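Between the sequences and the hints, there should be enough to build the whole structure, so can you do that?
In order, the protein sequence lines correspond to chains X and L.
Those letters in the first sequence? Residues 1 to 345, per this note's numbering, in order.
Those letters in the second sequence? Residues 346 to 633, per this note's numbering, in order.
Quick caveat, the hints were computed from the structure, so don't treat them as lab data.
Keep in mind the model is a prediction, meaning the values are calculated, not measured.
One or more of the hints may lead you astray.
To be clear about the criterion: a stretch of chain X counts as covered by chain L if any three or more of its residues have a C-beta under 8 Å from a C-beta of chain L, and this derived list gives those stretches [claimed, not checked]:
| # | stretch |
| --- | --- |
| 1 | 238-244 |
| 2 | 254-264 |
| 3 | 269-276 |
| 4 | 332-342 |
Glycine included, every Cβ here is placed at the ideal spot set by N, Cα and C.
Listed here are the chains, written in short residue letters.
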Amino acid sequence: MLKKTAIQKISDLAAELLAKGTLIAPVKESAGFNFREISDSGQVDFSFYNTLMSPKSAFFPQTEDFVRYDKNKSVLDAQCVDLNLKPIFLFGVRPCDVKSFEIMDIHFSGTGAVDPYWKKRREATTIFGYAFDLKTPADSADFYSTLNIGAADPEGSDIFMMKKGDGLLLKAITPKGENLLSSLGSLTEASADEIKYFDDTVAAGRSFKTRFTCVDDKVIAKKLEDLFHKTEFWEKISDACLSCGACTFVCPTCYCFDICDETLFAAGVRRRVWDSCMFTDFTMEASGHNPRTKVYQRLRQKICHKYSFHIRKYGVISCVGCGRCTRSCPVNIDIFSIVDQALKE
Amino acid sequence: MSINFKQIEDKLKTEARKLLEEGKVSIVLAYGKGYDEKKPMPYVVRKTSDIENIVFNEYCTANMARYLVRYPRGTKIAIAVKPADSRAVVQLIQEEKVKREDLIVLGIPVYGMKNFKTGETIDSKTTCGIYNPVLYDILLGEEVHGQPVVSPYDVLVDYEKMDKDGRWTFWKKELDRCIRCYACRKACPMCYCDPCFIDQNKPKWGEKSPESQGNLMYHLTRFHHLAGRCIDCGECSRACPVDIPLYLFHKKVAKECEEMFGQAAGMKIEDKPALVNFRVEDSDKILE
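Below, the structure written as structure tokens:
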């Protein structure tokens, strides 16, 4: 099912979605675009390239409350935090970011232990993927095509959208998307021409090139494994690294978190907060021993985890080439340039 | 007169080669190629074969003094410094984190540096607005004279118009956006504490989650830890992935400090940090 609307009428579509549930879409903020819960249908802005922070926070927010407690009461008063979700519409997710949800599913629901918070959010959400504009060149930090992700891949989205001139085409990919799309009154049927345009763009997106040439996952994994003990290589590539957490926090596939109790005057909350392998205290053990005290050890861990251990264990690279880490890095470290250098070692 | 970046780059290469070949230093902290011409990176030269990768252009904003404390004491280091960075080196020497005799300072007189994310000129806006390094052994290029003298505190005009409540609202709003990636403290040459107070959990000084309470605790404490020590390089603001204008607070504190104690941070090796030193004639304004 392919439907269409005009870009100018996007607020009508947003209003319809708002009436059905929660709408999360890119909003312009001082530092760039970010996915935010929309309160007014006029807020939806389609002039973004990609967001500063990844859309992972729609399923895995930076802080997630588990238990609220109050130690002032004579009997300890603690209550689990329940998620009561309305249907969520995650609007305008780029194909590489859609791919990241599939990778994150491995950790939050795919390997036996299921994270109820992730699962509930994921099930409540309808994903509106959104193709990159093939007429404008990719940002100099992107490398999704290197990882075999097309600029207009509809896989993983429930509904996939793309621009055609002043119009927006929307195609249902999953039954969930089909149900939703048929219930939206502000959309009109697309013509045969537009159906052809949609299919052509998806195909053209597969040959759309970002940086670097494709390399075999297994080759990268093996190479990094062989290099693991070559300290001088890792020292060299981490010379510039400040060891801040900017890259991991903007990353759509970084999933590490810490669980902490935040208490004020005996009342508080046990919550999950994003953590980062780039922080010194990330590996600090209770004994006081820290196996990764040096910057190179931490950067090596980050790169080997994404491009080597993850392939070994789950058969897929834990990176989608969205380029966010590179764009956000205060010292311009580019993760795939490091992999590229490793391959040349 | 404009800055000849290519000439500085060539001189940097020549000096780096000479210092390494003569065995005077074991590393040179300079700038190297990034993934894009406009995205240079901090670069550590260890061998003469690394020298060809050195670059210097208007986007080389990183403060290399930040990396000095990473090497064991006694390591002989040559460091390329722009004017603000040279103040960081001076401040680190004052604070006894590095020794003057272990350093060879390659000074770069420069203006018109640009933020590589936004492309805007940073000179006195987010940086200290000085054109010549305050400390150097070898000067790469000619001293800059005749450029308009702009006070680094001019950008505070709008900020200072706000009253107390206005500033509180302003900072609450700005700091609420913080994602706690700690890029600001990691980019800061004066933030060398290990561990940083915010990472401690016995006692726990601030919450880890990026919400008002913890964010204010982290930033306000960091602002005050840098009072009289911030050398106004602006790296914290440029490092911030969500563009929080941290420089405004640092500049405001630096201005007050300068007015009260008659010295700016990192200008002379003989100085002592304003809040470490006690002089009978010191201003009592801080107690009022």
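Hint by hint, which ones does the structure fall short of?
none
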